[in-house]
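Line by line, the protein sequences are chains Z, X, P, E, S and Y. Residues in the first sequence are numbered consecutively from 1, following our numbering. Residues in the second sequence are numbered consecutively from 1, following our numbering. Residues in the third sequence are numbered consecutively from 1, following our numbering. Residues in the fourth sequence are numbered consecutively from 1, following our numbering. Residues in the fifth sequence are numbered consecutively from 1, following our numbering. Residues in the sixth sequence are numbered consecutively from 1, following our numbering.
Just so you know, these hints were derived from the structure itself, not from any lab. There could be a bad hint or two in this list.
When chains are identical, the list treats them as one kind, so a pair holds in a single copy or across two.
[Said to hold, decoys possible] Straight line, CA to CA, 25 Å or less: simulated SDA-like cross-link-like pairs of lysine to any residue: (1) Lys22 with Leu150; (2) Lys172 with Pro65; (3) Lys22 with Gln184; (4) Lys205 with Glu21; (5) Lys75 with Gln7; (6) Lys74 with Leu150; (7) Lys247 with Ile4; (8) Lys22 with Glu83; (9) Lys197 with Glu72; (10) Lys171 with Glu201; (11) Lys74 with Gln7; (12) Lys183 with Gly254; (13) Lys197 with Gly254; (14) Lys97 with Glu3; (15) Lys172 with Glu244; (16) Lys197 with Glu244; (17) Lys154 with Trp58; (18) Lys74 with Phe186; (19) Lys183 with Tyr66.
Chain by chain, the residues run as shown.
Number of protein chains: 6
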Amino acid sequence: MSEINEQGIINQSALKFIACEKPVEEADICLFGAPFDSTASFRPGSRFAPQAMRQDSWALETYSPYQDDDLENKKVCDCGDLELPLGETEAALAKIKDQAAAVCDAGKIPFMIGGEHLVTYGALEACYEKFGVNLRLIHIDAHTDLRDELFGVKLSHATVIRRCAEMLGDKKVYQFGIRSGEKQEFEWAEEHTTLHKFDLEGLEKTVERLRGYPVYFTLDLDALDPSVFPGTGTPEPGGVSYAELQKAVIKICGELNIVGCDIVELAPGLDQSGASTAAACKILREMLIAL
Amino acid sequence: MSEINEQGIINQSALKFIACEKPVEEADICLFGAPFDSTASFRPGSRFAPQAMRQDSWALETYSPYQDDDLENKKVCDCGDLELPLGETEAALAKIKDQAAAVCDAGKIPFMIGGEHLVTYGALEACYEKFGVNLRLIHIDAHTDLRDELFGVKLSHATVIRRCAEMLGDKKVYQFGIRSGEKQEFEWAEEHTTLHKFDLEGLEKTVERLRGYPVYFTLDLDALDPSVFPGTGTPEPGGVSYAELQKAVIKICGELNIVGCDIVELAPGLDQSGASTAAACKILREMLIAL
Amino acid sequence: MSEINEQGIINQSALKFIACEKPVEEADICLFGAPFDSTASFRPGSRFAPQAMRQDSWALETYSPYQDDDLENKKVCDCGDLELPLGETEAALAKIKDQAAAVCDAGKIPFMIGGEHLVTYGALEACYEKFGVNLRLIHIDAHTDLRDELFGVKLSHATVIRRCAEMLGDKKVYQFGIRSGEKQEFEWAEEHTTLHKFDLEGLEKTVERLRGYPVYFTLDLDALDPSVFPGTGTPEPGGVSYAELQKAVIKICGELNIVGCDIVELAPGLDQSGASTAAACKILREMLIAL
Amino acid sequence: MSEINEQGIINQSALKFIACEKPVEEADICLFGAPFDSTASFRPGSRFAPQAMRQDSWALETYSPYQDDDLENKKVCDCGDLELPLGETEAALAKIKDQAAAVCDAGKIPFMIGGEHLVTYGALEACYEKFGVNLRLIHIDAHTDLRDELFGVKLSHATVIRRCAEMLGDKKVYQFGIRSGEKQEFEWAEEHTTLHKFDLEGLEKTVERLRGYPVYFTLDLDALDPSVFPGTGTPEPGGVSYAELQKAVIKICGELNIVGCDIVELAPGLDQSGASTAAACKILREMLIAL
Amino acid sequence: MSEINEQGIINQSALKFIACEKPVEEADICLFGAPFDSTASFRPGSRFAPQAMRQDSWALETYSPYQDDDLENKKVCDCGDLELPLGETEAALAKIKDQAAAVCDAGKIPFMIGGEHLVTYGALEACYEKFGVNLRLIHIDAHTDLRDELFGVKLSHATVIRRCAEMLGDKKVYQFGIRSGEKQEFEWAEEHTTLHKFDLEGLEKTVERLRGYPVYFTLDLDALDPSVFPGTGTPEPGGVSYAELQKAVIKICGELNIVGCDIVELAPGLDQSGASTAAACKILREMLIAL
Amino acid sequence: MSEINEQGIINQSALKFIACEKPVEEADICLFGAPFDSTASFRPGSRFAPQAMRQDSWALETYSPYQDDDLENKKVCDCGDLELPLGETEAALAKIKDQAAAVCDAGKIPFMIGGEHLVTYGALEACYEKFGVNLRLIHIDAHTDLRDELFGVKLSHATVIRRCAEMLGDKKVYQFGIRSGEKQEFEWAEEHTTLHKFDLEGLEKTVERLRGYPVYFTLDLDALDPSVFPGTGTPEPGGVSYAELQKAVIKICGELNIVGCDIVELAPGLDQSGASTAAACKILREMLIAL
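Isolated chain Z (complex conformation):
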């Protein structure tokens, strides 16, 4: 993390997520932050997630005893945070799309750390332009995110998966862990997506079915039970356990052809114990190792 110049002065380089310090040209995966939370209707703060995760990742080991592998062995570059215009939804999404497209075009995997869930839309759009109608979306979340609009707004954290499903086409989105939404959202899901209520059951079959397809994987961390992950804008009781989620992400990232990825909705300031940030960091480590 630091270098010594010829005068002997120690000079620290950029703070990066632990062991994600490859030069961008050599990397297979480009990690970047999308610190945007302007449409959060309840409690903002997810904009601070990427930087908090970088900082606290240094309390983590790079070695995973679960996968018996080390993040040091992977080629990951943490590109830092995008500078996004708060309060300007469309401009922010365009910047995200540009970054994801540049990464895709260089033959690397874009891995975005939100921010609120809406950021997924920008990154998915870049992948869709590259991978087209074969692209599938795996969505783990507590909430359906399938509203048509919220307070008259079409692009919002509560509508993002609806917009994504409309982009990709019917039955190309696979939703897991969903335990909250309006009745109409669940009804819409019946026709347009494949929705698994409450937990991660059915994931194995979905992984079987999606082999060979290019897949974007979006993980809203509030799928986790609030006991494990209270640091999020809209905690929703009755979620999945840490062990269940870890097993699932290793399966998804390890067995499928993931072409884009994100992890969203950590609001570190809402959990001053740091346990939520630690959970986010560890899940991220396991995903990066599995990819």
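Following the hints, position chains X, P, E, S and Y against chain Z.
Showing chains X, P, E, S and Y alone in chain Z's frame:
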């Protein structure tokens, strides 16, 4: 939540628990807050629960995917908080009793949000005067609450179920989830109540046995494990999970003749993540839908 | 605050700022909240200010020993919060403008509680359409808010007074307390506004000069020293004392023809002691009494 | 603070306020805590003050450069906290009175750490029984505390000085720093007490006048400006500075015949920086040295 | 907890862990605090654990419904905290060793409350000098703590079990719950300790095997899942549940010949809900009752 | 702060204090963090100061209206944090000394951000070796820091200025703002340093006297009143105002031959409002501009 007067000025009406906005006359259930915590011996703060729950309930959906029903379909009026004289235990309990009695007399169900557990005594008294010796009490809690007195005081959060049991008569109180108390309290329970230690086992049988009886249901949220519900004055490790509790309250409220109800001991300021308040709100939604 | 229906059930009415409970038709002043903070670039949270101020105002007395007058004697209606689309800057400003215009048209004074400082733009626009080129703006703040754009955005908390000054015309904005900004902003001010650095000196003369004009008064509470008012997104050391500010607002509101007013940038969650919210409430009380 | 038994095992004695470790029999001043806050209508938590002050006092020096004297030279015994029945106002006051009476009877000065302001009533009663009609009361506070009742209650933090003034007789209470109250309270004060608004002006003359009288001194720390002392239930902006208060208490305690004393309304949990507790500790040190 | 002198003045004795108030000479177990956290590399604060546990233990009952026994029946003396020189690792460990040795020599069991994990080294050394090569160590933790050095330092929270294992000799340390460490640490463990990954499986067999041996038991509370125990310097998701840990410690303490014991790494300030401190207190009660 | 590689991927460089982004070779001033707080006896946390200041500095403007100058015009390199072995006092000080020596030797000014006050010793030693007996020390602080030892330790935050004074020789240390210490420390100061009690009076004369000398300036931010700066380990009421301190540091840095500098004892976690960090950042900006 808001109306526009003829001059075009928007004017907001009272903040109520989500979807509990029926006029009091049309309601089947009257929700009201009892913001009293004067006898809390360790950490006060439950007085702030009803208002916190109203505010955070708006991050909740009205639809329950668990029961496939919507709170909008129920006739609930949130009557707001009683104004209670802090530090004047008996006067406060009298005010609570009056409100509960007025609700009962109008043929509605009183549903009280505490405050500390002592508030149950006032509401139960009103129900007892109306329903008499048939009345039964289901009590879910981490603590026995069966002391005869605390620091020489007869009416306190630590003695409230003892007082209730004495009012209703022997073996009319069914206790669940109990994992803390003095040895004498457990011994007293053996003779005078039906106490289930540690978890909710035996609830099914109890529900069978109580069919047909008028039942008051008091839920001390600290029955939940502190991982799920740290925002309470006296967290007691080793509690029930959110899923277990949710299943239990749906059963109790859905299958029995509930004539009064309360939910107590959320201290929102002790859990700044908001996860405890979210858990309380969701349990309340499920109870209201099931009733 | 509460009424009793004919069945004896107590029912609480809306939570309003203390003693601001006149019906809207009878009011001289319409208080309303504008819970918008989407362009906050550093730390959001001012969206929670209006509701926090209502709640904590009940710890305040209605009587001011400073002015020897009582808020009970004033005709103020607290209309509650507008419902604003977060992340949609222009739509939010339009809604604010509509409300302020309706209040102005009814011959009342709009008094807005922010939210971030950008909300001023919407309300000022309504006043400008009604009062035209005579309208003057008094602006107390720690920051110039005179940037031309921020991250490429024209409407933002950092550009709002620039936009206001452009609307009203040169030298119609009077700025006080300013102790932070870019060099270019101070230079722009020299030509286009009347800017008083660091403190409130010169206010007396300004009040003399503005007698007779319709005046809009916008108060960014971060003009206060952070020792008094830490609960704000961008605390700026070296500010004015509470006593200085109180004296100033009584003078401005008491001696000028105020046609619109706002108080912005309290972020209550950033000061968990409640002292910042208390300061905001008391300043608001003194302003309302003086108006 | 610790001793070693003959087996070499280190054994810690009670945590006491720094340098207040004289045996009770040898002491001139008996410090004791009155952890009672049951009538707090806004935010409780002052019950935790005495223990927090003991703990944090160890970050203080015993030497005062202001008075060039050392607390080690004084004979003070910290007797710890009384065990008070929460929610039982009268019983709690009786216990406080008993302790203060025992201390007075032993020829020592009772010095009580609250708790809420109501605790003063119990201690003053003990002094009044001993010193009779000559007893005077100096009261420094932000609030009048002169209501006749609050929510129908006669003994409360908001009525306590009214009750005290009624006990001692007209014009025997001297109030300073008062900046909040109902109009009626200020009017009542005109007839029955000597009230100095806003600051500590007039204190010198009062000290002159009271020479020779037995005086009880009650200090509500919220007289301090909330910038210095945010950790209190009802922060009231516009208060006195730390330096002003320190000078005043040294004068009062150093020049008058103080027969009883208290310091109330620190709520340490409301100021997590610890600065409020530090201010309370330092004021207490200066008072004890001056006595 | 308090006594009344002959003048009737109530005087409080030392704050001790609930029901651990036997005189040191009569005690079978000597509890003492080791408030040291100077080598904590991520977030300090465990130095405050012993005092926080004493204070919050008074919200606990002395009776355990799990073991149907009461802490009042045990002979435990809480000797308070050692005074340790912060920033002086070796001097601090020497003081800890002296205290543990004095307790051992008196035929009692030393039970230490950390502080960070390094404190174990001092206490174990004392036991090793008394019990020699037969001594075994049971270590429950999330982390291996088997590094050879950290930032060039040999004695640190991250190296402590390595140092302990080197002291006792190969294969005398039994590790459980381990889910974090460097690859080399896991490899070192294969040769030198008996390490059980992730959970407490294998504990029954270990207890069988160790019957008859003198055993030191060190419990790093971060073995618990962060949902149960967020108040620790380095939360590590995926840990054991409270019920599992409680069952394990009862087995270990109840069935083995425990000659020394500790419980470390609670950082109470990191979990402001108090749930972590409550969990630590309850585990400690169960251990003391089982011993 | 970010660059775009030839593939169009945005890559963020290191987070630095605002406008301190010159390459180390071109810089006149080398800023570096010394995140060490192992000897803190009361509340640790100053190790987090440098990183918190970097992050929050971006809410600050680079332009100072006080000095009408811009930090962009200065040549400052933020070299990041040293990696210091926590709990190893002497090794940490050696590392600090090495860095300061390398900076001095390159003809630049070392400017260190603590950490606790002990870090000053390492940097001063480097300057002393370079500038010898002419070196003078200006010390602004609330505390004397002149103990001979603390808990038997010679190198500690409470002894650091004693050690510095012994190194430089008698009467070469000028202390200001001092309002806390043991009687013996004030006595020692009378013979060996020049100590100004309570405030900054006498600073002008000191600056006159020290013209021409090489001067090291150490600023313990707890000299500020806790109302302005609660975020510090040992808040000491009765301190200097922000305006007074700002004026003083501009004078010292602007008029003297400063050869080394530090700013210590911000503990950002203790002031969650961020106001303390903001004060530290602004003081630092003014110092850097004045140098």
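Cross-check of the supplied hints:
no., hint, in the structure
1, Lys22 with Leu150, "between (41 Å within a copy, 24 Å between copies)"
2, Lys172 with Pro65, "between (34 Å within a copy, 23 Å between copies)"
3, Lys22 with Gln184, "between (46 Å within a copy, 23 Å between copies)"
4, Lys205 with Glu21, "neither (35 Å within a copy, 44 Å between copies)"
5, Lys75 with Gln7, "between (32 Å within a copy, 17 Å between copies)"
6, Lys74 with Leu150, "between (40 Å within a copy, 24 Å between copies)"
7, Lys247 with Ile4, "neither (41 Å within a copy, 36 Å between copies)"
8, Lys22 with Glu83, "both (21 Å within a copy, 21 Å between copies)"
9, Lys197 with Glu72, "between (36 Å within a copy, 22 Å between copies)"
10, Lys171 with Glu201, "within (18 Å within a copy, 42 Å between copies)"
11, Lys74 with Gln7, "between (33 Å within a copy, 21 Å between copies)"
12, Lys183 with Gly254, "between (34 Å within a copy, 21 Å between copies)"
13, Lys197 with Gly254, "both (24 Å within a copy, 22 Å between copies)"
14, Lys97 with Glu3, "between (34 Å within a copy, 17 Å between copies)"
15, Lys172 with Glu244, "within (24 Å within a copy, 34 Å between copies)"
16, Lys197 with Glu244, "both (15 Å within a copy, 17 Å between copies)"
17, Lys154 with Trp58, "between (38 Å within a copy, 20 Å between copies)"
18, Lys74 with Phe186, "between (39 Å within a copy, 20 Å between copies)"
19, Lys183 with Tyr66, "between (39 Å within a copy, 11 Å between copies)"
In this structure, the hints that do not hold are numbers 4, 7, in rising order.
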